[in-house]
Amino acid sequence: MRFKHLLTCLLISSSAFVFAQNDEPKKEDKGELSGNFQTTNQFYIKDDKIGATTTQYKSELSSTDAWLFLNYKYSGYNFNVRYDLFNNSPLLNPQEAYTASGLGFWNISKNINKLNVTIGSFYDQFGTGTIFRSFEDRNLGIDYAIQGARVIWTPNNDTKIKAFTGRQKYRFDIRPEVIKGINAERHFQTNDNLGFDVGASAVNRTIDQTTMSNIAAAINNYDLKNRFDPTYNVYAFNAYNTLSYKRISLYTEYCYKTPEAVLNSQLDRMQLLSGKVYYASLSYSTKGIGINTQFKKIESFSFRTSPLEIQNLGLITYLPSITRQNTYRLLARYNAVAQELGENAAQVEVSYKPQTAYFKKHMTTVNVNISVVTGPQSFNFDGNALNLADFKADTSRYFREYYIDVSHKFNKKFKMLLGYQNINYNQRLFENKAQGTPYVLAQCIFGEATYKLTPTKSVRMEAQYLDTKQDFGSFVNALIEFNIAPHYSFSAGDMLNISKGYINAENFEQVHYWNVFGAYTFGPTRFTAGFIKQVEGVNCTGGVCRVEPAFSGARVTLTTNF
Amino acid sequence: MKSLKIFFSISTLLVLFSACQETPPLINYKPSNSVLDTTFITTSIPAAETKNILIEDFTGVGCVNCPRAHETLKSIKSSYFGRVFSIANHPLNSTLKTLVEPIDKPPFVSKQDFRTKDADDLLSYLGSSNSLPTGSINRKLFSGETKWLVSDLSWSGYATTELAQTSSAVNMDTLSIKYDASSNELTIDLRLIFTQSMPDSQYLLTVAILENKIIDIQEKNDNGNTIYIEDYEHDNLLRKVITGVYGDLLKARYEPGRVFRKRFIYKPTADELKNWNTDNLAVIAFVHGNATKKDVIQVKAASIKP
Chain Z
1 MRFKHLLTCL LISSSAFVFA QNDEPKKEDK GELSGNFQTT NQFYIKDDKI GATTTQYKSE
61 LSSTDAWLFL NYKYSGYNFN VRYDLFNNSP LLNPQEAYTA SGLGFWNISK NINKLNVTIG
121 SFYDQFGTGT IFRSFEDRNL GIDYAIQGAR VIWTPNNDTK IKAFTGRQKY RFDIRPEVIK
181 GINAERHFQT NDNLGFDVGA SAVNRTIDQT TMSNIAAAIN NYDLKNRFDP TYNVYAFNAY
241 NTLSYKRISL YTEYCYKTPE AVLNSQLDRM QLLSGKVYYA SLSYSTKGIG INTQFKKIES
301 FSFRTSPLEI QNLGLITYLP SITRQNTYRL LARYNAVAQE LGENAAQVEV SYKPQTAYFK
361 KHMTTVNVNI SVVTGPQSFN FDGNALNLAD FKADTSRYFR EYYIDVSHKF NKKFKMLLGY
421 QNINYNQRLF ENKAQGTPYV LAQCIFGEAT YKLTPTKSVR MEAQYLDTKQ DFGSFVNALI
481 EFNIAPHYSF SAGDMLNISK GYINAENFEQ VHYWNVFGAY TFGPTRFTAG FIKQVEGVNC
541 TGGVCRVEPA FSGARVTLTT NF
Chain V
1 MKSLKIFFSI STLLVLFSAC QETPPLINYK PSNSVLDTTF ITTSIPAAET KNILIEDFTG
61 VGCVNCPRAH ETLKSIKSSY FGRVFSIANH PLNSTLKTLV EPIDKPPFVS KQDFRTKDAD
121 DLLSYLGSSN SLPTGSINRK LFSGETKWLV SDLSWSGYAT TELAQTSSAV NMDTLSIKYD
181 ASSNELTIDL RLIFTQSMPD SQYLLTVAIL ENKIIDIQEK NDNGNTIYIE DYEHDNLLRK
241 VITGVYGDLL KARYEPGRVF RKRFIYKPTA DELKNWNTDN LAVIAFVHGN ATKKDVIQVK
301 AASIKP
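Sequence lines, in order, name chains Z and V. When we follow this note's numbering, the leftmost residue of the first sequence carries the number 1, and every step to the right adds one. When we follow this note's numbering, the leftmost residue of the second sequence carries the number 1, and every step to the right adds one.
Do not rely on the hints blindly, as some may be mistaken.
Cβ pair distances, simulated, as ranges [to be verified]:
#, chain 1, residue 1, chain 2, residue 2, range
1, V, Thr42, Z, Gln325, 30 to 40 Å
2, V, Gln165, Z, Thr528, 55 to 65 Å
3, V, Tyr29, Z, Phe188, 28 to 38 Å
4, V, Thr38, Z, Thr557, 34 to 44 Å
5, Z, Asp208, V, Lys267, 37 to 47 Å
6, Z, Leu68, V, Thr38, 30 to 40 Å
7, Z, Thr210, V, Arg261, 48 to 58 Å
8, V, Ser44, Z, Leu61, 21 to 31 Å
9, V, Lys30, Z, Asp208, 26 to 36 Å
10, Z, Asn387, V, Lys30, 45 to 55 Å
11, V, Ser32, Z, Lys110, 42 to 52 Å
Some, not all, of what chain Z presents toward chain V, calculated at C-beta under 8 Å [to be verified]:
#, residue
12, Met212
13, Ser213
14, Asn214
15, Asn221
16, Asn226
17, Thr231
18, Tyr232
19, Lys412
20, Met416
21, Leu418
22, Gly419
23, Asn422
24, Gly523
Under the rule of at most 30 Å between Cα atoms (straight-line distance), these lysine-lysine pairs were calculated in the DSS-like manner [claimed, not checked]:
#, chain 1, residue 1, chain 2, residue 2
25, Z, Lys225, V, Lys213
26, V, Lys147, Z, Lys169
27, Z, Lys225, V, Lys251
28, V, Lys140, V, Lys251
29, V, Lys267, Z, Lys225
30, Z, Lys225, V, Lys105
31, V, Lys105, V, Lys294
32, V, Lys117, Z, Lys169
33, Z, Lys433, Z, Lys287
34, Z, Lys49, Z, Lys413
35, Z, Lys169, Z, Lys73
36, V, Lys251, V, Lys213
37, V, Lys305, V, Lys213
38, V, Lys74, Z, Lys225
39, V, Lys30, V, Lys240
40, Z, Lys433, V, Lys105
Everything labelled a hint here was simulated from the structure, so no lab data went into it. Glycine residues also receive a C-beta, built at the ideal position from the N, C-alpha and C atoms.
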């Protein structure tokens with residue numbers, strides 16, 4: 001019903017605008033319409049062996065997700081609408097078959113001199129997004145659009161000021177908590193070599209009476225010593241700066257959040273906590289070498305529409321893991337989900353291209369990455385958490401990754417990549433597993449080879465071997481891909497659980513997670529179809545992760561732009 | 001011009017982000033007086049007993065229209081004999097100061113100060129008011145009302161609506177209060193049995209000590225004139241909430257046959273004993289919802305001297 005009203009408003013406002021325009025004797029401008037369409041269709045085949053047993057395997061048997069986005073530009077106005085469709089979808093909650101469709105996003109914006117005004121839904125972020133990020137990630141079923149009003153004032157090329165007020169979207173509804181914020185950014189160029197990009201923001205969230213009553217009711221049920229006065233309002237502030245000096249770039253950001261009720265899932269109750277985040281990123285690049293280091297310290301920085309929201313619901317903060325984002329299937333098996341209650345994380349990444357004639361000719365590249373995440377108290381050199389040479393399980397070392405790859409182009413037709421990864425992973429913490437779940441120590445060797453058969457045909461092969469005695473044990477994964485440019489791509493692969501781990505110690509059997517896949521691309525349109533068996537695990541995109549159940553079945557997708 | 005821009009920016013920030021100190025929601029910091037707290041399931045599920053209703057009257061000795069509300073209460077009670085229970089709350093509240101503080105207009109001087117912090121907390125919990133009399137009928141948010149507190153002129157109508165439901169989801173088959181002067185202990189025993197399944201809800205129990213038959217001064221409106229009634233009888237006066245002011249959670253699944261057995265011991269302080277007549281004390285107990293749905297589902301009272 002609400003969307004019917006919105007649609008009516010949109011139509012009225014656009015028609016009113018058209019009438020206004022009719023008075024002007026300008027030459028006819030029909031505006032410009034563009035858009036895109038995406039759909040994912042899944043057909044479920046139950047597989048008890050891999051745990052593919054959610055409701056879709058028992059009852060619905062198929063699901064569809066689809067999005068149609070339309071943009072219409074007309075005389076400085078911008079109209080956006082997106083129609084979302086979920087039929088028996090596990091996307092928003094993997095344990096649920098969700099069915100709903102309607103207007104998922106709409107806005108009208110207009111540039112008035114140096115001012116941009118937007119009414120409706122919008123995506124935005126302040127700084128790195130720690131105190132506010134509104135975004136969409138369809139792969140994880142996430143849409144944190146804000147519905148409200150926003151103004152962006154750009155008084156000159158170096159200055160930008162943004163302010164907004166609104167409420168966060170949740171499925172086809174809007175959450176009751178009000179969020180408002182202001183952000184200012186300015187660029188200073190001292191000389192040719194030295195520049196500063198300075199920014200600061202403030203965000204306020206106000207809890208509604210009904211939600212606060214639920215929070216108060218929960219607190220009144222706690223032991224007396226654990227009760228506290230929750231706050232309706234929370235304020236978050238940040239200040240950040242990018243310093244650019246020749247080939248060096250240093251980004252620093254500090255965020256603070258006033259005390260509010262924060263859910264501590266380990267204690268299973270709320271606490272009154274303020275929050276802080278310190279973040280720094282230093283990068284340097286010169287011919288043949290690029291270095292990037294990052295450090296982040298989080299102190300109880302849970303910032304959501306309400307402290308009663310859990311997992312990836314109602315997030316206002318965006319706290320991505322600063323560990324390496326791996327793409328190979330087995331390398332990406334263990335992800336360090338950022339711990340909003342507290343962590344210290346650091347990463348060093350070096351990309352080296354030897355500058356001798358031989359290596360330059362063969363485009364040889366070496367990438368090294370080291371990342372470590374520890375508990376909030378253990379970022380000191382007293383214990384083992386930061387001991388680079390310690391390879392024993394240490395739960396205070398939440399995550400550590402050593403990564404190296406070397407790629408080399410042997411000739412015009414053949415190139416290859418080889419690498420090694422070593423992982424320390426506190427599975428109980430990251431996946432909320434039962435007490436007694438052992439710490440995961442894993443290592444992985446991997447390789448990829450691409451051979452060009454003809455200028456348009458190529459074969460790509462990749463393989464990984466993951467060795468661990470914990471979790472589900474060791475796996476091998478291999479894939480072969482045949483590409484016929486520019487239209488076709490086919491692949492087949494298998495991931496095999498070759499030895500038992502902790503979780504499947506009692507009922508281990510060799511399970512194949514095989515897949516076949518084909519893609520057809522014509523112009524802006526891409527059609528894919530695949531048969532997939534996918535292991536249960538944490539799926540992360542950017543700062544948001546979730547535990548996804550195993551998948552078994554067929555997946556058909558279509559994407560297009562127009 | 002530059003300083004004007006800075007001033008404008010700072011002002012905008014201040015307007016957007018500064019505000020008065022907010023008032024937090026009601027959190028109960030009182031320690032529990034419970035000495036026995038057990039729950040179990042009985043297979044002999046009794047028949048549902050008659051549902052009673054609770055009228056929480058917010059009143060004051062300096063409130064000239066409050067006796068009118070007391071009369072309304074008496075009238076409802078006599079129409080539905082035995083099914084209507086009430087609490088006279090005298091809130092310790094600065095906004096209502098002139099209506100609730102003891103009368104000190106010689107020769108008319110109150111003997112006691114009836115005001116309590118508990119009464120004031122309950123007033124806030126039910127929606128606050130800057131005038132008296134006001135009250136809540138069964139802690140129900142009636143259609144068209146924005147607060148749980150309603151004018152005494154609406155009490156009869158809303159009470160009749162609530163009394164139309166005759167079957168209670170929970171029986172209160174034991175409720176007693178005893179006072180042992182030698183140990184200065186008030187002992188309250190209580191037993192609840194759920195007769196229906198009440199899923200997806202949270203229920204709390206509130207137990208409070210009341211006093212009856214207190215003779216003290218009360219202002220009253222007499223055809224537009226204020227008169228002072230020196231021998232006014234104050235009944236059901238809230239002395240102390242001995243559970244949390246907003247109730248103690250009944251922690252178990254609410255299914256037919258679910259029994260809660262409770263015992264509370266409260267030792268009145270020396271100051272309280274100076275004013276309280278222990279012979280006239282009573283206890284009121286009621287089961288009600290949580291902060292969002294506060295409805296009372298059963299209420300009973302018992303006196304030391306029946």
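Verification of the supplied hints:
Separated by about 58 Å at the C-beta atoms, Thr42 of chain V and Gln325 of chain Z break the suggested range of 30 to 40 Å. Checked against the given bound of 55 to 65 Å, the beta carbons of Gln165 of chain V and Thr528 of chain Z, roughly 60 Å apart, stay inside it. A hinted range of 28 to 38 Å for the beta carbons of Tyr29 of chain V and Phe188 of chain Z is inconsistent with their spacing of about 51 Å. Range check, Thr38 of chain V to Thr557 of chain Z: about 58 Å between beta-carbon atoms, so the 34 to 44 Å window is missed.
About 41 Å separates the C-beta atoms of Asp208 of chain Z and Lys267 of chain V, a value consistent with the hinted range of 37 to 47 Å. The supplied range of 30 to 40 Å is broken by Leu68 of chain Z and Thr38 of chain V, whose beta-carbon atoms lie about 59 Å from each other. Between Thr210 of chain Z and Arg261 of chain V, the C-beta spacing of about 33 Å breaks the proposed range 48 to 58 Å. Between Ser44 of chain V and Leu61 of chain Z the beta carbons are some 47 Å apart, a value that contradicts the proposed interval 21 to 31 Å.
Taking the beta carbon of each, Lys30 of chain V and Asp208 of chain Z are about 27 Å apart, inside 26 to 36 Å as hinted. Checked against the hint of 45 to 55 Å, the C-beta distance between Asn387 of chain Z and Lys30 of chain V comes to roughly 50 Å, which is consistent with it. A beta carbon spacing of about 60 Å between Ser32 of chain V and Lys110 of chain Z contradicts the range 42 to 52 Å that was offered as a hint. With a cut of 8 Å, the hint placing Met212 of chain Z at the interface with chain V holds, because the nearest CB-to-CB distance is about 5 Å.
A distance limit of 8 Å between C-beta atoms decides the matter here; for Ser213 of chain Z the minimum to chain V is near 4 Å, and the interface restraint holds. Of the supplied interface hints, the one on Asn214 of chain Z holds, with its beta-carbon coming within about 6 Å of a beta-carbon of chain V, less than 8 Å. For Asn221 of chain Z, the suggested interface contact is upheld, since its CB lies about 5 Å from the closest CB of chain V, less than 8 Å. The beta carbon of Asn226 of chain Z is not positioned within 8 Å of any beta carbon in chain V (closest approach about 11 Å), and the interface hint is therefore violated.
Satisfaction of the interface hint for Thr231 of chain Z is found here, the shortest Cβ-Cβ separation to chain V being roughly 7 Å, below the 8 Å cut-off. Checking Tyr232 of chain Z against chain V: minimum C-beta separation of about 5 Å stays under 8 Å; hint holds. Interface restraint check for Lys412 of chain Z: the shortest CB-CB distance to chain V comes to about 59 Å, outside 8 Å, so the restraint is violated. At about 56 Å, the closest approach between the beta carbon of Met416 of chain Z and any beta carbon in chain V exceeds 8 Å, and the interface hint on this residue is violated.
Of the supplied interface hints, the one on Leu418 of chain Z is violated, with its beta-carbon coming no nearer than about 54 Å to a beta-carbon of chain V, more than 8 Å. With a cut of 8 Å, the hint placing Gly419 of chain Z at the interface with chain V is violated, because the nearest CB-to-CB distance is about 49 Å. Taking 8 Å as the C-beta contact cut-off toward chain V, the hint placing Asn422 of chain Z at the interface is violated, the least distance being around 47 Å. For the restraint placing Gly523 of chain Z at the interface with chain V, the shortest Cβ-Cβ distance is roughly 48 Å, beyond the 8 Å limit, so the hint is violated.
Annotation: proposed proximity of Lys225 of chain Z to Lys213 of chain V is violated, straight-line Cα distance about 38 Å (limit 30 Å). Pair hint Lys147 of chain V plus Lys169 of chain Z holds up; C-alpha atoms about 29 Å apart against a cutoff of 30 Å. Distance hint between Lys225 of chain Z and Lys251 of chain V is fulfilled; the C-alpha atoms sit about 19 Å from each other, no more than 30 Å. At roughly 22 Å between alpha-carbon atoms, Lys140 of chain V and Lys251 of chain V fall within 30 Å of each other, so this suggested pair holds.
For the given pair, Lys267 of chain V sits about 22 Å from Lys225 of chain Z by alpha-carbon distance, which is consistent with the 30 Å threshold. Distance hint between Lys225 of chain Z and Lys105 of chain V is unfulfilled; the C-alpha atoms sit about 44 Å from each other, more than 30 Å. With a C-alpha separation of about 39 Å, the suggested pair Lys105 of chain V and Lys294 of chain V falls outside the 30 Å cut-off, and the hint is violated. Between the alpha carbons of Lys117 of chain V and Lys169 of chain Z the distance comes to roughly 41 Å, so the proposed pair goes past 30 Å and is violated.
Of the pairs offered as hints, the one joining Lys433 of chain Z and Lys287 of chain Z is violated, with about 46 Å between alpha carbons and a cut-off of 30 Å exceeded. Annotation: proposed proximity of Lys49 of chain Z to Lys413 of chain Z is violated, straight-line Cα distance about 41 Å (limit 30 Å). A threshold of 30 Å between alpha carbons decides the hint, and for Lys169 of chain Z with Lys73 of chain Z the separation of about 24 Å falls inside it, so the pair holds. Using a Cα cut-off of 30 Å, the hinted pair Lys251 of chain V and Lys213 of chain V is violated, with the two alpha carbons roughly 36 Å apart.
Restraint check for Lys305 of chain V and Lys213 of chain V: satisfied, since their Cα atoms lie roughly 12 Å apart, inside the 30 Å limit. Note on Lys74 of chain V and Lys225 of chain Z: the hinted pairing is violated, with a Cα-Cα distance of about 42 Å set against a maximum of 30 Å. Distance restraint check for Lys30 of chain V and Lys240 of chain V: the Cα-Cα separation of roughly 11 Å lies within the 30 Å cut-off, and the hinted pair is therefore satisfied. Between the alpha carbons of Lys433 of chain Z and Lys105 of chain V the distance comes to roughly 70 Å, so the proposed pair goes past 30 Å and is violated.
Violated hints for the displayed structure, listed by number in ascending order: 1, 3, 4, 6, 7, 8, 11, 16, 19, 20, 21, 22, 23, 24, 25, 30, 31, 32, 33, 34, 36, 38 and 40.
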